[in-house]
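Novice: Sequence order for the protein chains is A and B. For the first sequence, position 76 (counting from the first letter as 1) is numbered 76 according to the working numbering, and the numbering increases by one without interruption. Whatever position you read off the second sequence (first residue = 1), add 111 for the working numbering.
Simulated from the structure, these hints should not be mistaken for lab results. Just so you know, these numbers come straight off a predicted model, no measurement behind them. Hints are not guaranteed to be accurate.
A few chain B residues that face chain A, going by a derived Cβ cut-off under 7 Å, partial list only [said to hold, decoys possible]:
id: 1; residue: Lys-153
id: 2; residue: Leu-155
id: 3; residue: Asp-199
id: 4; residue: Ser-201
id: 5; residue: Phe-202
id: 6; residue: Gly-224
id: 7; residue: Pro-225
Beta carbons: idealized from backbone N, C-alpha and C, even for Gly.
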Amino acid sequence: GEDVEQSLFLSVREGDSSVINCTYTDSSSTYLYWYKQEPGAGLQLLTYIFSNMDMKQDQRLTVLLNKKDKHLSLRIADTQTGDSAIYFCAERSGGYNKLIFGAGTRLAVHP
Amino acid sequence: GAVVSQHPSRVICKSGTSVKIECRSLDFQATTMFWYRQFPKKSLMLMATSNEGSKATYEQGVEKDKFLINHASLTLSTLTVTSAHPEDSSFYICSARDRVVAGGPSSNEQFFGPGTRLTVL
């Protein structure tokens, strides 16, 4: 079946790098996504990666994809207090419409 | 960027009553809207896909007679929880896809509303 797993919580010091991990089960997933949810706000698409790519970098964000192990990670360099939020991993699965989400990782950034 | 609103943001109702939640795309037209349910410390669960002018497509295990979805216009979809019970208490989130964008990964970009917290007493 389709399943996306994430650890629930991550705490980092301001200025350090954050790495949020995600595993998925559907090997036919074409695109994998990272969303950010701040308190009281909707999910915001941060970045995505196509399944035939290993890595994608976008400013402070680096996405790594290990398709063999079905493992996805999001690295945030120089983490700031404004990065504190819940980060959701999602895969496009079961056709064009459907996104399967993980439970979200709450990132807490402390001084 | 594209903005999606939901109303109300919070609602408390008595068991047995019905509650309507609105989802609006404010600055774009959405042929497709999605309704999700989020449990505490759980992932967003897709409930149904709503296409303007046609019947919603429900995910397996979601009761279509309990969760009524209407997508009457390109900017509005509603979810009505009928005869609500305490186990329906949850966070309901909608998203909308811009009809203009087509093809590639961004064509699946869904713009999310802020969610509605439903509490059934």
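Novice: Hint by hint, say whether it matches the structure.
Specialist: Now for the hints, and whether the structure bears them out:
no.: 1; hint: Lys-153; result: holds, 5 Å
no.: 2; hint: Leu-155; result: holds, 4 Å
no.: 3; hint: Asp-199; result: violated, 20 Å
no.: 4; hint: Ser-201; result: violated, 14 Å
no.: 5; hint: Phe-202; result: violated, 11 Å
no.: 6; hint: Gly-224; result: holds, 5 Å
no.: 7; hint: Pro-225; result: holds, 5 Å
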